[in-house]
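As given, the protein sequences belong to chains A and B, one line each in that order. The first sequence runs 1 to 251 under the working numbering. The second sequence runs 252 to 509 under the working numbering.
Hint data in this document are derived by calculation from the structure and do not stem from the laboratory. Incorrect hints may appear among the rest.
Derived EDC-like pairs (lysine to aspartate or glutamate); straight-line CA-CA distance at most 16 angstroms [stated by the list, open to error]:
#1 B:LYS273 x A:ASP162
#2 B:LYS426 x A:GLU68
#3 B:LYS426 x B:GLU326
#4 A:LYS96 x A:ASP162
#5 A:LYS161 x B:ASP422
#6 A:LYS19 x B:ASP422
Computed far set for chain B versus chain A, every beta-carbon distance over 12 angstroms [claimed, not checked]:
#7 VAL300
#8 VAL452
#9 MET453
#10 PRO475
The beta carbon of each residue, even a glycine, is placed where N, CA and C say it ideally should be.
One-letter residues, chain by chain:
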Amino acid sequence: MREYLNALWELTKRELRRKYARSYLGILWSSLYPFLRMLLVVFLFSTIFDKGIDRYPAYYFTGYLMFEFFNVGSVTSVTTLRDNKDLLIKSKLSKKTFVMSRVNTAFINLLLGSIPYIGVLIYYKAILTPACLLIIPDLFFLYLFVTGMSYILSILYVYFKDIRNIHVQLLNLWRFFIALFYHVDWVSPGVRKFIELNPIYSFIKISRDCLIYGRVSEGRFFVQAILYSVGVYLLGSIIFEAKKNSVLLRL
Amino acid sequence: MLDINRIRQNMFIIQQLARRDKRRENASTSLGQVWQILNPFINMMVLVVLFSTIFKTDSFVNYPLYICTGTLIYEFFLLGTNGCMHSLVSNRQFLIKTTIDKNIYVLVKIYVALINLFFSLIIYAGMMIWFKIPFRFINLLVIVDVALFSVFVLGVGKILAVIYVNFADIDYLYKIITLFIFYGTAIFYKPERLTPVLQVVMSWNPIYIGIAIARQLLIDGIFPSIHLWMKLGFYAFVFYLLGSLIFNKMTEDIVAKL
């Protein structure tokens with residue numbers, strides 16, 4: 001077990017190092033970039049959208065960090081089996097490790113981005129109540145969801161390379177239906193229903209409610225979050241286990 | 252030696268390197284080449300659907316075409332400048348082992364971006380038919396618009412390429428800058444919605460100028476004011492000169508730095 005965790009950590013470190021190989025600030029960018037981006041979006045949208053959204057910078061930042069984790073985690077995982085073809089064949093490492101190292105890298109970036117995020121929460125006097133502890137299960141289920149998705153995508157990619165383009169385009173569209181920079185109240189009821197059924201939206205809503213507004217979201221969002229994440233994770237694991245050996249032949 | 256001569260002499264290499272880029276992207280996908288037209292199409296549709304349904308703020312006549320002209324030019328700028336920025340570092344092996352003129356690497360990225368623009372224009376033409384916009388001879392002047400704009404993008408690309416070799420962090424900063432440009436250029440809204448001060452600023456935004464000229468030529472079918480052409484020409488000239496100077500000076504000892 002320890003060997004497994006060790007290998008996972010080494011792979012993750014390699015990914016992180018590769019990402020920041022040539023920059024001066026290096027890993028500092030994981031904290032700085034989300035912060036700068038938030039500043040920019042808030043600056044741009046404060047004139048249009050600020051009306052009615054309490055603590056808008058924190059509102060946006062929450063959604064951005066969580067969607068980026070899903071975005072980067074899933075997109076980098078798509079190609080991971082092919083990218084690590086040699087290691088896969090030569091080593092005895094569990095294949096799941098390769099997917100998880102990509103997801104972990106994205107998760108670490110989420111955590112690093114949370115550093116300025118906490119600063120923003122403090123600055124805007126977020127309402128602190130015990131409800132904020134809900135972020136831990138929220139992140140856990142989000143992690144499960146992203147991992148499950150990544151398992152499915154990485155297997156599909158070995159058989160069907162177009163999946164990468166399809167997934168990227170899907171995310172392109174997806175990002176606009178999670179009320180990232182606007183409020184659900186502002187869209188038509190039909191669109192609103194669609195957004196609220198969106199898995200990523202549930203995670204974001206729960207985190208916004210518990211961290212910024214100090215309240216607990218309606219039960220249905222928790223039910224959705226758990227169902228989606230457990231469902232996708234189980235599906236992903238089953239597909240991965242079933243296909244992981246035949247995948248070797250394909251590579 | 253001007254880039255025009257370079258292009259003429261090295262067209263074959265440019266095409267080969269561009270083909271290598273394209274192959275890397277869509278290697279052995281079943282749809283393969285179709286993605287070249289599918290990607291721009293989906294990108295355009297996403298924005299059009301978004302701004303026509305969710306954000307029904309600015310629905311004026313031919314709004315989708317208005318948006319698409321903007322995204323066409325903006326995407327070209329984005330792809331061209333980002334490509335150029337990474338061109339020297341990503342061709343590290345070639346730079347070390349061959350004596351190909353360094354400007355070629357940058358030109359290849361512009362070429363790739365132009366091809367992408369070309370495919371997007373095909374979709375755009377389809378949209379013009381859909382919206383019953385008649386094709387006019389004046390539309391052809393968009394070639395001049397794109398040509399001038401390409402020179403501008405080449406200049407910016409050269410500067411970025413040099414910076415990136417020494418300072419990889421520019422990648423992150425540039426992401427923020429281009430995001431700012433995206434929202435700050437009247438792609439999905441009319442500049443009249445802004446304050447008078449901001450409208451003046453907008454009128455000096457080179458990307459906006461490129462878009463405005465294209466809109467007037469393609470959608471309205473009128474000849475854009477000479478001031479617009481002059482401003483675009485000015486930006487193309489200045490950035491090309493600046494970019495080439497910096498590029499030629501700073502890449503002399505590039506192999507050592509890579």
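Hints, one by one, checked against the model:
1. The hinted pair formed by B:LYS273 and A:ASP162 meets the criterion: a straight-line CA distance of about 14 angstroms does not exceed 16 angstroms.
2. A distance of roughly 14 angstroms separates the Cα atoms of B:LYS426 and A:GLU68; the hinted pair therefore holds under the 16 angstroms criterion.
3. Straight-line distance between C-alpha atoms of B:LYS426 and B:GLU326 comes to about 13 angstroms, which keeps the hinted pair within the 16 angstroms bound.
4. As the CA atoms of A:LYS96 and A:ASP162 are separated by approximately 22 angstroms, the hinted pair breaks the 16 angstroms bound.
5. Distance hint between A:LYS161 and B:ASP422 is unfulfilled; the C-alpha atoms sit about 27 angstroms from each other, more than 16 angstroms.
6. Restraint check: the Cα-Cα separation between A:LYS19 and B:ASP422 comes to about 12 angstroms, which is no more than 16 angstroms; the hinted pair holds.
7. Not every CB of chain A is more than 12 angstroms from the CB of B:VAL300 (nearest about 8 angstroms), against its label as outside the interface.
8. Its beta-carbon lying about 14 angstroms from the closest one in chain A, B:VAL452 satisfies the requirement of being farther than 12 angstroms from that chain.
9. Here B:MET453 stays apart from chain A, with its beta-carbon at least about 14 angstroms from theirs, past the 12 angstroms limit.
10. The claim that B:PRO475 is not at the interface with chain A holds, since no C-beta of that chain comes within 12 angstroms of its own (minimum 28 angstroms).
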